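Each chain, written out:
4 protein chains.
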Amino acid sequence: MIHEYRLARRVQFYETDAAGIVHFSWFFRYMEEAEHALWRSAGLSIHASGRDIGFPRVSTSFDFHRPLRFEQEFVVWLRIAAMTKKTIRYACTLTSGDLRIATGALTVACVKRQPDETLVAIEIPPEIAARFQVAPDVNA
Amino acid sequence: MIHEYRLARRVQFYETDAAGIVHFSWFFRYMEEAEHALWRSAGLSIHASGRDIGFPRVSTSFDFHRPLRFEQEFVVWLRIAAMTKKTIRYACTLTSGDLRIATGALTVACVKRQPDETLVAIEIPPEIAARFQVAPDVNA
Amino acid sequence: MIHEYRLARRVQFYETDAAGIVHFSWFFRYMEEAEHALWRSAGLSIHASGRDIGFPRVSTSFDFHRPLRFEQEFVVWLRIAAMTKKTIRYACTLTSGDLRIATGALTVACVKRQPDETLVAIEIPPEIAARFQVAPDVNA
Amino acid sequence: MIHEYRLARRVQFYETDAAGIVHFSWFFRYMEEAEHALWRSAGLSIHASGRDIGFPRVSTSFDFHRPLRFEQEFVVWLRIAAMTKKTIRYACTLTSGDLRIATGALTVACVKRQPDETLVAIEIPPEIAARFQVAPDVNA
Numbered sequence: 002m003i004h005e006y007r008l009a010r011r012v013q014f015y016e017t018d019a020a021g022i023v024h025f026s027w028f029f030r031y032m033e034e035a036e037h038a039l040w041r042s043a044g045l046s047i048h049a050s051g052r053d054i055g056f057p058r059v060s061t062s063f064d065f066h067r068p069l070r071f072e073q074e075f076v077v078w079l080r081i082a083a084m085t086k087k088t089i090r091y092a093c094t095l096t097s098g099d100l101r102i103a104t105g106a107l108t109v110a111c112v113k114r115q116p117d118e119t120l121v122a123i124e125i126p127p128e129i130a131a132r133f134q135v136a137p138d139v140n141a
Numbered sequence: 002m003i004h005e006y007r008l009a010r011r012v013q014f015y016e017t018d019a020a021g022i023v024h025f026s027w028f029f030r031y032m033e034e035a036e037h038a039l040w041r042s043a044g045l046s047i048h049a050s051g052r053d054i055g056f057p058r059v060s061t062s063f064d065f066h067r068p069l070r071f072e073q074e075f076v077v078w079l080r081i082a083a084m085t086k087k088t089i090r091y092a093c094t095l096t097s098g099d100l101r102i103a104t105g106a107l108t109v110a111c112v113k114r115q116p117d118e119t120l121v122a123i124e125i126p127p128e129i130a131a132r133f134q135v136a137p138d139v140n141a
Numbered sequence: 002m003i004h005e006y007r008l009a010r011r012v013q014f015y016e017t018d019a020a021g022i023v024h025f026s027w028f029f030r031y032m033e034e035a036e037h038a039l040w041r042s043a044g045l046s047i048h049a050s051g052r053d054i055g056f057p058r059v060s061t062s063f064d065f066h067r068p069l070r071f072e073q074e075f076v077v078w079l080r081i082a083a084m085t086k087k088t089i090r091y092a093c094t095l096t097s098g099d100l101r102i103a104t105g106a107l108t109v110a111c112v113k114r115q116p117d118e119t120l121v122a123i124e125i126p127p128e129i130a131a132r133f134q135v136a137p138d139v140n141a
Numbered sequence: 002m003i004h005e006y007r008l009a010r011r012v013q014f015y016e017t018d019a020a021g022i023v024h025f026s027w028f029f030r031y032m033e034e035a036e037h038a039l040w041r042s043a044g045l046s047i048h049a050s051g052r053d054i055g056f057p058r059v060s061t062s063f064d065f066h067r068p069l070r071f072e073q074e075f076v077v078w079l080r081i082a083a084m085t086k087k088t089i090r091y092a093c094t095l096t097s098g099d100l101r102i103a104t105g106a107l108t109v110a111c112v113k114r115q116p117d118e119t120l121v122a123i124e125i126p127p128e129i130a131a132r133f134q135v136a137p138d139v140n141a
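Protein chains in written order, with our numbering: chain A, 2 to 141; chain B, 2 to 141; chain C, 2 to 141; chain D, 2 to 141.
It should be emphasised that the hints constitute simulated quantities derived from the structure, not laboratory data. Certain hints may be false.
[To be verified] Under the rule of at most 27 Å between Cα atoms (straight-line distance), these lysine-lysine pairs were calculated in the DSS-like manner:
hint: 1; chain 1: B; residue 1: Lys-113; chain 2: D; residue 2: Lys-113
hint: 2; chain 1: A; residue 1: Lys-113; chain 2: C; residue 2: Lys-113
hint: 3; chain 1: D; residue 1: Lys-113; chain 2: D; residue 2: Lys-87
[To be verified] Computed footprint of chain D on chain C, listed as stretches where at least three residues anywhere in the stretch have a Cβ under 8 Å from a Cβ of chain D:
hint: 4; segment: 2 to 12
hint: 5; segment: 17 to 28
hint: 6; segment: 75 to 88
[Unchecked claim] Over the 12 Å line for every Cβ pair with chain A, so calculated as not near, a few chain C residues:
hint: 7; residue: Arg-41
hint: 8; residue: Gly-44
hint: 9; residue: Leu-45
hint: 10; residue: Ser-46
hint: 11; residue: Thr-108
hint: 12; residue: Lys-113
hint: 13; residue: Ala-122
hint: 14; residue: Glu-124
hint: 15; residue: Ile-129
hint: 16; residue: Phe-133
hint: 17; residue: Gln-134
hint: 18; residue: Val-135
hint: 19; residue: Pro-137
hint: 20; residue: Val-139
In this text the structure is predicted, and so the values were computed from the model without any measurement. The C-beta atom is built at its ideal place from N, Cα and C for all residues, glycine as well.
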């Protein structure tokens with residue numbers, strides 16, 4: 002059972018903006034990259050083709066402590082902070098060497114796509130839920 | 002003195018993802034588009050060339066209520082929720098027709114770029130602060 | 002019958018990079034925005050929900066003459082340069098005031114999605130082809 | 002002296018669009034990622050802080066042979082196809098396993114930023130030009 006993932010990453014040029022630093026919208030993509038890598042490390046894909054369930058984002062946030070710059074290396078540390086029957090909440094910390102860069106959170110819900118394209122919340126299928134557990138000391 | 006802005010927008014194809022809906026990272030860009038339009042409506046640019054101050058993002062969040070799809074029209078309603086000597090906090094509501102799509106928040110701080118490229122928090126220059134005021138009933 | 006579209010646009014902050022100018026990948030998105038607006042002006046959506054045909058990109062190019070900067074206003078002028086039974090080729094010119102910014106080209110093909118998700122080239126449906134015509138003097 | 006780079010990559014979710022495949026604008030970013038990795042493998046950064054020269058894109062193109070999908074693994078093979086005193090031209094091939102995905106080209110020019118922010122073409126500094134050479138059989 003998986004409860005965390007550490008993704009090593011380097012800033013790409015197209016992620017920077019005219020202020021010379023990574024545009025803040027990218028931190029949410031970095032966090033999602035780590036989420037999908039965590040799922041792969043559990044033997045799963047969060048968006049398997051032909052499956053009618055999905056995991057849309059319910060809420061998310063980031064606090065930014067220091068900027069990231071072009072070609073800077075950093076680590077995205079994602080942990081499962083909470084699980085309910087229908088949702089997963091992640092906690093995320095970005096660091097670069099010893100520097101704390103940013104702190105994020107993300108909650109996703111399991112939904113089933115209806116024939117009319119609307120999304121209805123359902124319980125996370127047991128074969129998925131069984132692969133994950135809450136990380137110890139996630140609020141430490 | 003300006004306290005709000007309403008930006009009308011349509012979903013572009015490159016903003017959608019393989020789930021058929023707008024990728025959640027785009028909501029932060031929509032909110033920032035409205036912020037910069039609010040500054041322009043106050044006669045200002047948030048990133049004027051040749052100026053050594055900037056307004057990096059300190060924290061931000063979004064709650065997602067309903068998905069947006071390709072070519073859907075929506076409105077980003079941005080209000081100034083609070084101002085301190087060094088920061089501005091915005092509240093944001095996305096709607097599409099009568100539907101509530103998402104609710105966001107964004108706090109930015111005024112900084113001065115040092116010769117070594119580090120950023121130091123400073124007070125918002127009075128000629129900028131004088132153009133803005135907190136929106137009434139922003140928590141209504 | 003439609004043969005051209007002019008899209009007025011302003012540079013958004015997240016479209017700039019650390020060199021202080023619009024990242025070149027955005028010019029392809031600007032061109033596509035104009036394409037989809039051209040289709041809407043013909044009463045069509047290029048990606049209608051529930052339809053099993055699509056228009057993937059076959060080839061594209063851009064020549065860059067001058068940079069674009071944050072908040073700069075520009076116009077994307079898209080013209081239909083050629084049509085075959087299965088493809089449409091567009092020519093694109095970006096200008097800002099009197100300045101020539103960039104020149105692009107884009108060819109798209111009509112495809113049908115097979116049950117196994119592969120794409121097979123088909124003829125453009127007549128109700129779509131009838132809405133478009135080649136622009137006069139497109140090579141002028 | 003460096004003449005090529007092979008970048009291994011996986012499709013991220015935010016790179017896909019509502020057609021279920023990678024949006025075509027991303028191929029240009031993939032090609033640029035490989036370019037910057039090629040420069041790093043030569044001991045260089047294409048955008049070193051404090052330096053007043055840059056390498057803006059002059060022209061670029063892609064032919065798309067097959068789509069890429071979420072989590073698909075692929076390789077970006079970038080080669081130096083030509084060098085002049087002021088420009089570098091790259092040739093690029095994307096493959097996924099045995100499949101040819103796309104073929105691209107990119108020409109960049111060396112420029113010096115003037116005090117008024119305009120860009121003037123200059124010769125590539127010898128300490129940079131000396132690290133690169135044209136790849137053999139690049140048109141094979």
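Contradicted hints - numbers only: 4, 6
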